[in-house]
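Visitor: Basically the numbering used here = 1-based index in the sequence shown + 24.
Source of the hints: derived by calculation from the structure; they are not laboratory data.
Keep in mind that a hint or two might mislead.
Claimed, not checked - Using C-beta positions, here's what the derived DEER-type ranges look like: (1) LYS83 <-> LYS47: 51 to 61 Å; (2) LEU72 <-> ARG98: 45 to 55 Å; (3) THR26 <-> SER75: 16 to 26 Å; (4) HIS81 <-> ARG28: 26 to 36 Å; (5) TRP29 <-> HIS91: 40 to 50 Å.
Please read all numbers here as calculations on a predicted model, not as lab measurements.
Ideal Cβ placement from N, Cα and C applies to all residues, glycine included.
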Amino acid sequence: VTVRWVSGLSDVHGNEEVDKHAKLAAESRQDNSSITKLHFLRFSAFPLSISALKEVHRKATHIRWAHSWQKSPRYARMNRIDPKLL
């Protein structure tokens, strides 16, 4: 599968031809993608977006921080002062 950006402007030479072929490809039931190029989609989850990866990283970092903080002597002192703090 090759994906290329094409301007949506109507005055771009060949745009109508590209639109016609894109529509035919989208409506086609023919499997024209080589399985050797798409094998990763059969056996694992789809690749994640950058924003999804950032969110997973943020949550994992927060969990690691919370575990480290709870082991800290400062956590014990702060918890005595205000147990609702964290």
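Visitor: Hints first: check each against the structure and report whether it holds.
Guide: Taking the hints in turn, this is what the structure says about them:
1. LYS83 <-> LYS47: 51 to 61 Å: violated, 41 Å
2. LEU72 <-> ARG98: 45 to 55 Å: violated, 35 Å
3. THR26 <-> SER75: 16 to 26 Å: With a Cβ separation near 24 Å, THR26 and SER75 satisfy 16 to 26 Å, so the hint holds.
4. HIS81 <-> ARG28: 26 to 36 Å: For HIS81 and ARG28 the Cβ distance comes to about 30 Å; the hint holds.
5. TRP29 <-> HIS91: 40 to 50 Å: Hint holds: Cβ distance 44 Å, inside 40 to 50 Å.
The structure shown violates the earlier hints numbered 1 and 2.
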